[in-house]
Amino acid sequence: PVFSTTLSGNPVINIGRYRFNKATSCRGRKVRWYCNRAPAGCRAAVFTFDNVIVDHRHEHNH
Numbered sequence: 001p002v003f004s005t006t007l008s009g010n011p012v013i014n015i016g017r018y019r020f021n022k023a024t025s026c027r028g029r030k031v032r033w034y035c036n037r038a039p040a041g042c043r044a045a046v047f048t049f050d051n052v053i054v055d056h057r058h059e060h061n062h
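Numbered continuously in UniProt numbering, the sequence shown closes out at residue 62.
All the pointers check out, no bait thrown in.
Ranges between beta-carbon positions, derived for each pair:
1. Gly28 with His62: 26 to 32 angstroms
2. Asn61 with Gly28: 25 to 31 angstroms
3. Arg27 with Asn61: 27 to 33 angstroms
These aren't lab readings, by the way, just hints derived from the structure by calculation.
Note that the Cβ used here is the ideal one computed from N, Cα and C, for glycine as well.
Just need the whole structure built from these sequences, with the hints factored in.
The following block contains the structure:
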């Protein structure tokens with residue numbers, strides 16, 4: 001996984017050909033990242049703790 005930022009400065013994780021955006025409600029050390037295709041119905045998500053991936057949920061539908 002590659003941690004980076006978008007052109008507007010928002011944090012993202014790139015994993016393979018998928019990009020995950022940081023959930024705005026996450027303020028602590030455990031963070032939920034949702035697929036950038038979530039508005040189109042993709043439910044895939046990744047969870048990190050101190051920038052280490054600890055869990056993933058659902059498969060991508062695209």
